[in-house]
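Protein chains: 2
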Amino acid sequence: MTPERYAKILRVLRLRQPTLSVLMDEVNKPHNLSAILRTCDAVGAMTAHAVPPASMSLGSFRSRMFEASSGSAHKWVNVQQHASALDAIRELQGQGVQVLATHLSQRSVDYRQPDYTRPTCVLLGAEKFGVSDEAAEAADANIIIPMMGMVQSLNVSVAAATILFEAQRQRLEAGMYAQPQLSDEELRRFAFRWAYP
Amino acid sequence: MTPERYAKILRVLRLRQPTLSVLMDEVNKPHNLSAILRTCDAVGAMTAHAVPPASMSLGSFRSRMFEASSGSAHKWVNVQQHASALDAIRELQGQGVQVLATHLSQRSVDYRQPDYTRPTCVLLGAEKFGVSDEAAEAADANIIIPMMGMVQSLNVSVAAATILFEAQRQRLEAGMYAQPQLSDEELRRFAFRWAYP
Ligand SMILES: C[S@@+](CC[C@H](N)C(=O)[O-])C[C@H]1O[C@@H](n2cnc3c(N)ncnc32)[C@H](O)[C@@H]1O
Ligand SMILES: C[S@@+](CC[C@H](N)C(=O)[O-])C[C@H]1O[C@@H](n2cnc3c(N)ncnc32)[C@H](O)[C@@H]1O
Numbered sequence: 202m203t204p205e206r207y208a209k210i211l212r213v214l215r216l217r218q219p220t221l222s223v224l225m226d227e228v229n230k231p232h233n234l235s236a237i238l239r240t241c242d243a244v245g246a247m248t249a250h251a252v253p254p255a256s257m258s259l260g261s262f263r264s265r266m267f268e269a270s271s272g273s274a275h276k277w278v279n280v281q282q283h284a285s286a287l288d289a290i291r292e293l294q295g296q297g298v299q300v301l302a303t304h305l306s307q308r309s310v311d312y313r314q315p316d317y318t319r320p321t322c323v324l325l326g327a328e329k330f331g332v333s334d335e336a337a338e339a340a341d342a343n344i345i346i347p348m349m350g351m352v353q354s355l356n357v358s359v360a361a362a363t364i365l366f367e368a369q370r371q372r373l374e375a376g377m378y379a380q381p382q383l384s385d386e387e388l389r390r391f392a393f394r395w396a397y398p
Numbered sequence: 202m203t204p205e206r207y208a209k210i211l212r213v214l215r216l217r218q219p220t221l222s223v224l225m226d227e228v229n230k231p232h233n234l235s236a237i238l239r240t241c242d243a244v245g246a247m248t249a250h251a252v253p254p255a256s257m258s259l260g261s262f263r264s265r266m267f268e269a270s271s272g273s274a275h276k277w278v279n280v281q282q283h284a285s286a287l288d289a290i291r292e293l294q295g296q297g298v299q300v301l302a303t304h305l306s307q308r309s310v311d312y313r314q315p316d317y318t319r320p321t322c323v324l325l326g327a328e329k330f331g332v333s334d335e336a337a338e339a340a341d342a343n344i345i346i347p348m349m350g351m352v353q354s355l356n357v358s359v360a361a362a363t364i365l366f367e368a369q370r371q372r373l374e375a376g377m378y379a380q381p382q383l384s385d386e387e388l389r390r391f392a393f394r395w396a397y398p
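Protein sequences appear in the order of chains A and B.
The C-terminal residue of the first sequence carries number 398 in my numbering, and the numbering is unbroken.
The C-terminal residue of the second sequence carries number 398 in my numbering, and the numbering is unbroken.
Hints listed in this document are in silico derivations from the structure and should not be mistaken for laboratory results.
Among these hints, one or two may not hold up.
A pair holds if it fits inside one copy or across any two, identical chains being indistinguishable in the list.
[To be verified] With a straight-line cut-off of 25 Å between C-alpha atoms, the simulated BS3-like cross-links for lysine-lysine are: (1) K329 <-> K230; (2) K230 <-> K209; (3) K276 <-> K329; (4) K329 <-> K209.
Please read these numbers as outputs of a predicted model, since none were measured by experiment.
Please take these sequences and the hints and turn them into a complete structure.
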């Protein structure tokens, strides 16, 4: 561990946003998982909640996750598993987090409308099936990226990034990257964990 | 061809932005090519310029492109091949298009700074090697998405989308989706081509 490396770790931790996360509901392609984790890292999101695909054992999902993060993003973004999207949504809402489901419905709003400076989790759907209607209903809001073409939907990692960089923009404007969002104690704890894995 | 389908084609063509495009310099993973084409379609970009990977025959790049666009985006976004990035840049600049290279350099600016209402092409680099220094120098500007984490770079399709949706935002604000950017003659020509392939 060089001093430069340690300084970088501290710099990055001071930018971390513990109140911004994603919830991936059965997202299952390694390249998508990998791209989403990299984007989380880039905007300072610390946790990627994940519901493993129903068709996949927990073990093989774990190794797929691991494979997915060859770019090493899994070291810097904590992947937290949940039994179902509904469980995860209720748990997050219980902690005061607004869950924004990426889902087209009667109540969908443009993804630029929500206030991302609030504690926020972005719910992403599986490549084939999207977000389930029940999960979308349980969420605090439904958001959608305007599609102006012939194709119906974006790639899931592309949608995640488009939304997370809007969150980054709002949080930059609000000064949330200008001072640490983690407590001193958390900063010390993570610095130790990252520096001496 | 149902009347609804034809109406959708006309609606989409009225939103098309002939002055917005990407240039993919040796981008080669099918899932990235596919995701980029879908995003182009979604923001109304009509052309994806592409320099085939040096290691790949034109034939196999073509079939990879085709495979990549199983989501059918290749029907709606024209893929135009070029021999080299430099050739393509000069050609675009000759047509009055500003080329924005996604590249970290002395002169890089935040990707939100450029004026995307001008005729614009976003230059994207290969998964492994990024944009070459010569191509970046030939470009009108270098742009970068701010990275606040430990990982150095984003997935290329994620970076493309982040930038293209900023372009969409600016063009929405400027009213560029409110009236057709294609001439009446072009609208008729494309409508015919899309409706009767
Ligand atoms: C390929 S899409 C799912 C498509 C599925 N057939 C459906 O209709 O929901 C996979 C995921 O990408 C995200 N996504 C794709 N396009 C989106 C858009 N325009 N707005 C918001 N999220 C989008 C959502 O998380 C979605 O669940
Ligand atoms: C994985 S990156 C290339 C990484 C390569 N090692 C480098 O240093 O350039 C592939 C492409 O994604 C795009 N990209 C990735 N991160 C970006 C960022 N932060 N800002 C702008 N473009 C980015 C660029 O087009 C880049 O050429």
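Note to self: Of the numbered hints stated earlier in the document, which are not met by this structure?
What the structure shows: 2
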